[in-house]
Amino acid sequence: MAAHGPKTERGRSAVALNAVRHALRATTPVVPIIESEEDWHEHRAGTLASLQPEGHLERTLADRVALTLWRLFRVARYEAEQIAVSQETLEEDDGLSIPFSRSAPKLSPLRETLAGSKQGRQAFRKLARAGDGDEISPEVAMAVIAAAEDLPVLERLVEDGFEYPGMPDGPYEVEGWTAGLLRRCLGYLAEAAGLDPSLMEKALGLCLDSKVSEAQEELDRAEGFYDRRRRERLLPNEFVLQKVARYEAHLNRQLLSALHELEALQSRRRGEPSPLARLDVSGLDQ
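Counting in the numbering used here, the sequence shown runs from 1 upward without gaps.
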């Protein structure tokens with residue numbers, strides 16, 4: 001019976017690795033979820049094809065080279081992941097003092113404060129352009145009233161329980177807001193505080209502008225602080241660096257040892273001289 005199989009050198013080389021490839025499927029070095037079986041088998045096949053081992057011992061050494069390289073790739077990935085985690089957890093694990101605050105602030109509340117300040121200013125500007133009969137949204141009305149009640153000159157008045165005329169439940173329960181109704185509410189506040197309504201509206205506009213500027217400046221300072229901290233964390237911490245360096249050096253020694261042994265075997269198989277003593281130069285500076 002005629003033998004069947006690949007006839008080209010490339011085909012025969014690929015088939016020669018079948019037994020080893022299938023034998024190792026049971027114990028692959030792939031970390032579930034994090035790494036891919038397909039990537040491992042592609043890496044291993046490429047390594048064996050490059051080294052071109054023959055016989056069981058050479059293939060075993062070539063497999064060791066593939067495995068060690070795979071672990072070295074994992075070391076590089078681990079280092080990158082450690083940096084990424086350090087960046088992602090910057091706000092959570094940074095309890096450092098900074099010049100403008102007792103502790104490093106969270107960025108989310110600062111962004112929310114800025115957004116609220118901008119909303120209040122935008123609502124007040126809409127009021128200035130609206131006619132008395134124009135309908136406005138409850139969100140706009142509440143933003144303007146809240147900003148007015150926060151004015152220093154009105155703060156104590158509101159704290160003492162100021163009641164808006166004709167609004168037993170206060171303005172926060174009103175439906176169907178108009179610009180005229182909102183202006184009356186502001187007038188009630190001005191009258192109770194003994195202020196000219198036009199002057200109070202001007203003060204309210206200035207106060208809203210100031211709140212936006214202050215919130216933006218505080219957010220800018222906080223983001224600048226965290227930007228500096230991120231640049232400082234472009235490398236892992238000292239403990240991680242030492243661990244990575246030790247493990248990487250260990251793997252490099254294993255890799256060189258396996259390569260040297262494989263090269264020696266291949267040299268002897270080809271009838272070339274192979275010295276029994278080989279110097280690992282990388283070990284001299286450890």
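Misleading hints may appear alongside valid ones.
Calculated lysine-lysine pairs in the DSBU-like style (CA-CA distance at most 30 Å, straight line) [claimed, not checked]:
{"no.": "1", "residue 1": "K211", "residue 2": "K126"}
{"no.": "2", "residue 1": "K106", "residue 2": "K211"}
{"no.": "3", "residue 1": "K118", "residue 2": "K243"}
{"no.": "4", "residue 1": "K126", "residue 2": "K243"}
{"no.": "5", "residue 1": "K202", "residue 2": "K118"}
{"no.": "6", "residue 1": "K118", "residue 2": "K106"}
If you are wondering where the hints come from, they were derived from the structure by calculation, not from laboratory data. Since this is a predicted model, take the numbers as computed values, not measurements.
Evaluated hints:
1. K211 <-> K126: Holds, at about 17 Å.
2. K106 <-> K211: holds (19 Å)
3. K118 <-> K243: violated (48 Å)
4. K126 <-> K243: violated (60 Å)
5. K202 <-> K118: Roughly 17 Å between the alpha carbons, so the hint for K202 and K118 holds.
6. K118 <-> K106: holds (19 Å)
Of the numbered hints listed earlier, those contradicted by the structure are 3 and 4.
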